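Enquirer: Bring the two chains, given one by one in their own frames, into a single complex with the hints.
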Amino acid sequence: MEKKKLISWLYVIPVIVILISLIIFPLLYSLYLSFTQWDMTSFGAKPHFIGIGNFAQIFTDRRFFYDLGRTAVVVIGALIVETLLGFGVALLLNRKFKGRGILLAAFLMPVMVSEVTAGLIWGLIFDATFGPLNQIIAILHLAKKPIVWLVDHPLLSVIIADIWQWSPFIMLITMAGLQALPSTPYEAAMLDGASGWQILKFITLPLITPILGVAVVLRSMDLIKMFGKIYMLTKGGPGTASETITYYIYLQAFSFWNLPYAAALSFILLAIVTFFITYFFKMITVEE
Amino acid sequence: MKKGKHLAGIISIAMILSCLATGIASSQSYVPPDEPPYKGIELTVLCDSGHNFIPWVSKTDPELNNVPRIEHLLGVKLNCVAKSPDLFPTIMADLVSGAGHYNIIVYFPPHNGDLMGGGWLVPLNDYIKKYPVFWSDIYPIYRHLYCMWGDKIYALPYDGDVLMLYYRKDLFSDPKIRSKFKEKYGYDLAPPKTYKEYNDIARFFTGWDWDHDGKPNYGTIEDVKDLGYGPWLTRFASTGGVFFDENMNPRINTPGGVQALKDYKVAVECAPPGAMQFGATQVFKSFLDGLTAMTLTWPDIGPWVGTGKYKVKPHQVGFALVPGYVVKGKLIRRAWTGVGRVMAISKLTPPEKREAAFRVIAYMASPAVSLRYVSNGKTGEDSFRRSHDMTPALWHDRYPELEDYLKAKMLNTEHGYPDIYLTGEADYINTLTTHIHDYLRGKGTAKEALDATVEDWNRITERIGREKLKKQWAEEIKLFKRLGIWIEE
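The listed protein sequences derive, respectively, from chains B and R.
Numbering (this note's numbering) for the first sequence: 1 to 288.
Numbering (this note's numbering) for the second sequence: 1 to 489.
Be a bit skeptical, because a hint or two may be false.
What the hints assert, rightly or not - With a straight-line cut-off of 25 angstroms between C-alpha atoms, the simulated DSS-like cross-links for lysine-lysine are:
hint : chain 1 : residue 1 : chain 2 : residue 2
1    : B       : 145       : R       : 443
2    : R       : 83        : B       : 46
3    : B       : 144       : R       : 443
4    : B       : 145       : R       : 285
5    : R       : 265       : B       : 235
6    : R       : 447       : R       : 328
7    : R       : 311       : R       : 447
8    : R       : 39        : B       : 235
9    : B       : 235       : R       : 83
10   : R       : 443       : B       : 235
11   : R       : 309       : R       : 285
12   : B       : 46        : R       : 347
13   : B       : 144       : R       : 265
14   : R       : 215       : B       : 144
15   : B       : 145       : R       : 265
16   : R       : 39        : R       : 353
17   : R       : 378       : R       : 311
18   : R       : 468       : B       : 46
19   : R       : 471       : B       : 46
20   : B       : 145       : R       : 215
Since the hints were derived computationally from the structure, they do not count as laboratory data.
Since the model is a prediction, treat every value here as computed from it, not as a measurement.
Excised from the complex, chain R in its bound form (with noise of 0.2 angstroms):
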């Protein structure tokens, strides 16, 4: 079994060397140092400020600072621009304005409908097709769903977000708390499948000891604060949701949809005190402190527990595909791939600086380059291809379980669920988020929530233009079935 792991890795590594050998002999996408190609063009990047802005300048850091090498390679400038949140502002003011000050912009893809659907960005096919980048290494949803609209590619990846079920292997291993479990709720206590297991055993560890420290502990933790919508949507994604139907009418509010929303208030009332209030980070700190026995959040967990700077260790973490619902006799689970980063070139960049600009994103999004800041815990970006989970030998955090972790990445990747890539995004999530808020909170049922959503939703369309919305959804549902995700009613 060992035999054929090392094998496994063995092969990933060779066929990641041959790519990039091709790679380097059949374009010029690695130019000798002596022969920068673009001296005296200058570029400015826009990222988010904080562990995402690391790959490209970090101080301390000097593997994951990406910028002098980039400029030696290349022969460009790159002025780094960190912004904090609120980047989206910042990128339509940019553009709106005409002032395009910023060449690469490092954004969100739920905002691909203004940004790409508005037609901001400068379409990369021709130059993919002159500098070639392991286009097919790239997850699929990222690939067609982060990087696309219609058939133009736009961005390439730059973090690969995706939910993942993260549980304390060593509780859920304990046989006091087994038999405990199993004389509470009739059946083994095991990585929950379902939404209902999951709600169960949330329960189970909510409000008692079991880490002996003296004060009382947790079921599990999502990220409530900052994106609200999601828990729920992963949740909606797994009862065959969908957003729209064909002609635009949200199919929201649905009896799947309403379960969706209930079933995430119990996870938040298994919640530490104060947890509506935690952002992605307290959550994982949560968790990797030992105050919860299960999360339901992004990768980074997997390279944070490798860094062993927790209370919590690796061998105490278990990795494992989110929960499902059973529909029409089959059980459905689907991860929510919702925010990651892209990187794109601004249509406003100057016709003779833009094959530069493609050099540099597609250098940041190579496989080799990409690696080293997806496999290392001071980053936030997480893996968005095939070789990145393929490859743990190559993983700048290494401990036993990272295979586990891997793997796990890859399957919830594998059962990804996409963000509304629509115009007029921002608008319709902040909408579903005011309002799944508003029942977390305890203000009315998930149906009124969900159907007061529907109507502010309805409203949003119009203003927008429900033909022009049509048409783009047409475009998304194409995607959905090509990658198996729309589900007929």
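So that you can see chain B by itself, here it is in the shape it has in the complex (with noise of 0.2 angstroms):
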């Protein structure tokens, strides 16, 4: 029996070790460090407690106000697009046809690359000058000259690149979910006649809602921490036009080696974000 037990822990332990060194012990650090004021460029320097400083400091930095605002923008834009066209194209391909799989394949792509190799490609595709998109617009004559999407309409691009990765996220979540479902409403739906609109509306909606749930969930924590895009398509600018919260973080972290108070916006984030996830969930389940 002890040797069972012994066995079992000799399993689980790495597991806490990882747990602790790479979750657990940095989030307690940065809690300690954003009630800290640390002069990190000072060699041999230390952090000295300053209570709540950082924190009060917060709710006067109008940057933060206005990353916030952006913020939201961006997850709010993003996520009724992806949404939108996620489940659109996976009512779509919920059926047999020949080259479904070839054409789910090519939907599922532009997940398989990763952020930075995305902003990578879109900054090409938005260049003013040698971008297609811009090619293309003027070959259809829709713009008088060449859009500056990166200066002019920084958040957007970002936005438009974002839904460009990720709307196929919501379609592989939504398609499993459509193919767990079960028959029988649908059958009793058919049997009274009902049109398709009708099946959608009064059965397919109500009964996917949870699974849509969960997949905006996902996709609106990693909107908020979305950086990679940002870093190689705008660097947040010009100016702050595309400046979210997590990017400024970024800045007061490791451009201007404030940790403390980089901290402690982390830590009024995962507040805002836990709140508005709360209620969601609470929203969802009221509904049902």
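Expert: So, in structure tokens, the structure goes:
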């Protein structure tokens, strides 16, 4: 018995070590840092306790609030389009037809590339002089002069790049959900002579909502912490036009070397995200 | 005249050779190959990647491949690491964490406030006494503001950046264009001396096809994307402006600062579409591909045009001192010496390795070795020694107009104006750049942009510590006064 216990601990200990060293310790250390001030650029300097000073500073930091607003724009804008697009394509592909497999694989390809690669690709696509997007717009006579996407519409450019990359993810989750739905309600509806729209509205949507809800939560968390695309496309610029809260935290931590303030910002962001996700799940549960 | 030029060149070469000979005789800077003094010492060099890494390791050009030569001469083993932009986070992470992985760091001098001021680098004064580095040959502005902090030397130069004015000589001398310009503006077309003239010329050349290729051309182009504050700074400096007063109160939102920002916006409006997303190399290419009539940018254009690879050829390019403003009846012209690169030794390098590290950077900064890479259009390095600019005959990419380029380079360097070299520089500059970019994109007025910057700068100063920064700034003011940059209000 003792030996069995020891063996089971041996299996669990590596995971505990990883959990503590990579998640729990950094979390607790960040929390400690958020209550300190630390002149990290001075040799030999140590952090010293300043209480809630960093948190108080956040509430007078205009840049934080503007970045929060821009983050909300990115999350809501990208999420709406990704959900509609992903759900729509899932409905279309949720049937057997020739070439379905190839089409599915083609739709899923953007998800396979890294965020940095996606940023690089779209940086080329959005190029005002040589980018294919402006070339297509010129051929179709949709604009009188080249659109400088990354200067005049930096936030929209980031959103477009993200929609291209992650709509297939919503599509994938929705398709898995659709295929797991029971067939009985559909059979009954067809017997009753329900139209396609009525089946979608009264059967498919209510049944798929919890699954879509999970996809939306996962995507919104990813959108809030999006960094690679912004870094590759715009670096938060021009000015702060495409700077989100995550990019600002990166700047505070690794450009300005103000780790305690970056830690405080991270915890405030964590609190905001936790609140919204809890509220969102409550909403879905109430609707059910 | 020609004889005089040749004589000057011969004298310059003779000076360099005699310096080298004296150096070899009186010091051990150049050690005979059979006595490498630092055998068994391994050093790691960190430098930014791309064409700035080439002077260390070049697989295609043996003349630029300095690492094997250093290893042969000194006996050290060099590991060279190239990093993409955002070198500063890599350096700080290595230092703050105590890892000390990098012994020699090649970085941008604007970070001097954090690296030198933070005490992260090894002072080099004692090593320089033992192994001369031809210190007075380095331009004063690079010597004092790139390499020193207080009275200690912490770095040796690697890349001497300064903004220069380049213009299309052929267009400026075209009779039809000259007549058209005079008719419109009432004065002769010539390299601009003031920013008013610069903007007039930029506007004049914008929006019409002066090179007859069927596409419109533009007046000018400057690096707005990567170093968006630099073109404003070079204008602001020419109004006699300074960043702070003696008490660290920001002094950038003066009428001069506001005018500089407004004039900067005019220049951006006279640039090709999408110019706000052009980095430095795209700026060079835009000018060298004949898209713009002028550019205010780095010295790289000189070596680049000398390669003959571009549409615009050397005989078509004029080189001049940057424009300025008339202040209290005097024309002030200041060229921003921002960015640049220096080589320093990390304080985390074990003491027994430091002399070897110094010998490595001294080798790379030595007159003959550095001339090889600053005169080669393949690298991103620009001249930082007087001897570089006085020896056109020894340049890698030679062309008839090279002397004109080098004279203009010297002139601009002698009118140089530095970055903010204080702790927290990244924060100050990021804030300034974001407000400038917002204004250039049409958000608010120039005064509002600079007032907002001043507000943010005060917050940064309080966070870092006003008294600490006042002391640092006081040292900078001494250097500014020594270089003739500080203008009393």
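Enquirer: If a hint holds in the structure, say so; if it doesn't, say that too.
Expert: These are the hints, each one checked on the structure:
With a CA separation close to 22 angstroms, the supplied pair residue 145 of chain B and residue 443 of chain R stays within the 25 angstroms bound. The straight-line distance between the Cα atoms of residue 83 of chain R and residue 46 of chain B is roughly 28 angstroms, outside the 25 angstroms bound, and the hint therefore fails. At roughly 23 angstroms between alpha-carbon atoms, residue 144 of chain B and residue 443 of chain R fall within 25 angstroms of each other, so this suggested pair holds. Our distance criterion of 25 angstroms between C-alpha atoms is met by residue 145 of chain B and residue 285 of chain R, whose separation comes to about 22 angstroms.
With a CA separation close to 21 angstroms, the supplied pair residue 265 of chain R and residue 235 of chain B stays within the 25 angstroms bound. Only pairs whose Cα atoms come within 25 angstroms are accepted, and residue 447 of chain R paired with residue 328 of chain R is accepted, the gap being roughly 22 angstroms. For the hint linking residue 311 of chain R to residue 447 of chain R, the alpha-carbon distance of about 40 angstroms lies beyond 25 angstroms, and the restraint is violated. Of the supplied pair hints, the one linking residue 39 of chain R and residue 235 of chain B is violated, its CA atoms being roughly 44 angstroms apart against a limit of 25 angstroms.
At most 25 angstroms may separate the alpha-carbon atoms for a hinted pair to count; residue 235 of chain B and residue 83 of chain R meet this at roughly 17 angstroms. Restraint check for residue 443 of chain R and residue 235 of chain B: the C-alpha separation of about 19 angstroms stays at or below 25 angstroms, so the hint holds. Using a Cα cut-off of 25 angstroms, the hinted pair residue 309 of chain R and residue 285 of chain R holds, with the two alpha carbons roughly 11 angstroms apart. A hinted pair counts as satisfied when its Cα atoms are at most 25 angstroms apart, and residue 46 of chain B with residue 347 of chain R qualifies at roughly 17 angstroms.
With a C-alpha separation of about 23 angstroms, the suggested pair residue 144 of chain B and residue 265 of chain R falls inside the 25 angstroms cut-off, and the hint holds. This hinted pair checks out: residue 215 of chain R and residue 144 of chain B have alpha carbons roughly 15 angstroms apart, not beyond 25 angstroms. Only pairs whose Cα atoms come within 25 angstroms are accepted, and residue 145 of chain B paired with residue 265 of chain R is accepted, the gap being roughly 20 angstroms. Only pairs whose Cα atoms come within 25 angstroms are accepted, and residue 39 of chain R paired with residue 353 of chain R is accepted, the gap being roughly 11 angstroms.
Of the pairs offered as hints, the one joining residue 378 of chain R and residue 311 of chain R holds, with about 17 angstroms between alpha carbons and a cut-off of 25 angstroms not exceeded. The hinted pair formed by residue 468 of chain R and residue 46 of chain B meets the criterion: a straight-line CA distance of about 17 angstroms does not exceed 25 angstroms. Distance restraint check for residue 471 of chain R and residue 46 of chain B: the Cα-Cα separation of roughly 21 angstroms lies within the 25 angstroms cut-off, and the hinted pair is therefore satisfied. Proposed proximity of residue 145 of chain B and residue 215 of chain R is supported: the alpha carbons are some 13 angstroms apart, at most 25 angstroms.
Comparing the model with each numbered hint stated earlier shows that hints 2, 7 and 8 do not hold.
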